[in-house]
Every structure is written in structure tokens, then in C-alpha cells.
Amino acid sequence: MQPLTSKELEYLVDSISNEDLLIKQNAVMAASASNSALKQAGMQMINTHQQHAQMLLNAIAQHQQLAPTQPQSH
Amino acid sequence: MYQQQGQGHPLLSDEDLAYTVLSDLKRVVGEYATAATESSCQQVRQLFTNLLNSTLQMQGHLYKIMEQNNMYSAASPVLRQEIQKQLQQNQQTEQKTDQFLQQLGLGQSGFRNQQHMQQHMHQPQNQMPPQYQQQGNQQHMPGQNQPYM
Numbered sequence: 001m002q003p004l005t006s007k008e009l010e011y012l013v014d015s016i017s018n019e020d021l022l023i024k025q026n027a028v029m030a031a032s033a034s035n036s037a038l039k040q041a042g043m044q045m046i047n048t049h050q051q052h053a054q055m056l057l058n059a060i061a062q063h064q065q066l067a068p069t070q071p072q073s074h
Numbered sequence: 001m002y003q004q005q006g007q008g009h010p011l012l013s014d015e016d017l018a019y020t021v022l023s024d025l026k027r028v029v030g031e032y033a034t035a036a037t038e039s040s041c042q043q044v045r046q047l048f049t050n051l052l053n054s055t056l057q058m059q060g061h062l063y064k065i066m067e068q069n070n071m072y073s074a075a076s077p078v079l080r081q082e083i084q085k086q087l088q089q090n091q092q093t094e095q096k097t098d099q100f101l102q103q104l105g106l107g108q109s110g111f112r113n114q115q116h117m118q119q120h121m122h123q124p125q126n127q128m129p130p131q132y133q134q135q136g137n138q139q140h141m142p143g144q145n146q147p148y149m
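Note that the protein sequences, when read in sequence, are chains A and B.
Taking UniProt numbering, I'd label the letters of the first sequence as residues 1 to 74.
Taking UniProt numbering, I'd label the letters of the second sequence as residues 1 to 149.
Keep in mind the hints are simulated off the structure, nothing from the lab.
From the three backbone atoms N, C-alpha and C, an ideal C-beta is built for every residue, glycine too.
Hints should not be assumed to be uniformly reliable.
Unchecked claim - The list that follows gives simulated cross-link-like pairs (lysine-lysine, BS3-like), each with its CA atoms no further than 25 Å apart:
no.: 1; chain 1: A; residue 1: Lys39; chain 2: A; residue 2: Lys24
no.: 2; chain 1: A; residue 1: Lys39; chain 2: B; residue 2: Lys85
no.: 3; chain 1: B; residue 1: Lys85; chain 2: B; residue 2: Lys26
no.: 4; chain 1: B; residue 1: Lys85; chain 2: B; residue 2: Lys96
no.: 5; chain 1: B; residue 1: Lys26; chain 2: A; residue 2: Lys24
no.: 6; chain 1: A; residue 1: Lys39; chain 2: B; residue 2: Lys64
no.: 7; chain 1: B; residue 1: Lys64; chain 2: A; residue 2: Lys24
no.: 8; chain 1: B; residue 1: Lys26; chain 2: A; residue 2: Lys7
As the list claims (entries may be wrong) - Some chain A residues near chain B, calculated using beta-carbon distances under 8 Å:
no.: 9; residue: Gln2
no.: 10; residue: Ser15
no.: 11; residue: Asn26
no.: 12; residue: Ser34
no.: 13; residue: Asn35
no.: 14; residue: Ala41
no.: 15; residue: Leu57
Sequences and hints are given; from them, build the entire structure.
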């Protein structure tokens, strides 16, 4: 495992925002769709997006210790 | 069939709700692909790759539900003569590329012979040229040892 680059951290953080938005959108679909297949898909996707968000958070946490505490010169 | 949830009127139709989720899934698929290509750490790249596949799967599932419920109409089928035209043009392009490779002494003749074409057409899940398939099966990751950034 290598220390995270600033770019990687930005992608991880942006992806968490995306997953978070999808959890909420699916919650709205699961709550207000009248079609039962859509409702069910919405509920399943809430779970999957929650797992995704957790995996992204774990990746950030796992890289915490590897990160330098001083700026590195290139 | 119009089940109210007991909290007033739905603000969006089923179609709009599903389309909103679908279009965001499509956007996120693109972002995960970009994130994977721009990752230096192998574990981070693998994470983005896994999330890409998982998101693609959800997008495909939701699309199928929408299609089955007439919420999404696929584009109309292309005419056979258009396929023929594109096939011929692109076969010529590949023949020229073969000639180019042969001029450089790098030619593997018959890259697009009829046999290969038919294999590809009957195996839609296996669309890589044969020389790449072995690597694909071994889960070889080109960026495993050296970062591509």
C-alpha cells in the first residue's frame, strides 16, 4: 500500500458524496414509487450504496498512518 | 396500481424517480472509471474497479426494470445495410493497419480473418482480441508493480 496522493483522496471524497446522494435518491424512490419492482430495487440499492460509502471511508482510514506529516518534495 | 404512502402526493412520477437514479448511476460509473485510471496505489485502483463493476451492475438492473415497465425505450434497430457498410469500411481500416504493421516487421497477418470475426460475434462476453484474453483471464493488472501516473 502506498501513501494516498492528493488526487486519490479527492476521488475518494467525491465518491463518498456520490454514494451519499445515491442513498438519498434511492430512499426517495423506495418511499414514493408506486411500482413494486422500483421500490424493491431502491431498497436494495440503498444497502449497496451504504456498503460502497463504508468501503471508501475504510480506504481513507487505512491510509491515514501511511501519510507523511510534512510536505514531500518531488 | 397507485399505492399512496399516506404522506400526500408523490412529487415525481415513477418514471422520473427511476430516471433520476439511473442517470446518476451512469455518471458515477464514469467517475469510477476515471478514478481507477488515475490511481497510483494498487489497492485504491482495485477499490475503484470493484465499485465500478458494482455500480454498472445496479445501472443495468435498474435499466432492465425501466425497460420492462415501458419507462425507457431503446433506440430503434439499425438497418442491415448500415451494418454492412460499417463492417466493410472498418475491415478495410484494419487491413490497412495490418499492412502498416507488416511494413514495420510487426505484422501478425490475418488479424481480422473470418474465423476471429465469428468467434467474437458468438461470444459477446469475450470481446478482447485473443492475445489479450490470456492476460484478462489471469487477472493481470498492468499497473501492479509500477504506477501509471
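Against the structure, the hints come out as follows:
1. Lys39(A) x Lys24(A): holds (13 Å)
2. Lys39(A) x Lys85(B): violated (44 Å)
3. Lys85(B) x Lys26(B): violated (30 Å)
4. Lys85(B) x Lys96(B): Judged against 25 Å, a Cα distance of about 17 Å means the pair holds.
5. Lys26(B) x Lys24(A): Satisfied, since the Cα-Cα distance of roughly 16 Å is no more than 25 Å.
6. Lys39(A) x Lys64(B): With Cα atoms ~14 Å apart, lysine 39(A) and lysine 64(B) stay inside 25 Å; holds.
7. Lys64(B) x Lys24(A): Satisfied, since the Cα-Cα distance of roughly 21 Å is no more than 25 Å.
8. Lys26(B) x Lys7(A): holds (22 Å)
9. Gln2: holds (4 Å)
10. Ser15: Hint holds; serine 15(A) Cβ to chain B Cβ min 7 Å, cut 8 Å.
11. Asn26: holds (6 Å)
12. Ser34: Since chain B brings a Cβ to about 5 Å from serine 34(A), closer than 8 Å, the hint holds.
13. Asn35: holds (5 Å)
14. Ala41: holds (6 Å)
15. Leu57: violated (11 Å)
This entry does not satisfy hints 2, 3 and 15, going by the numbered hints stated previously.
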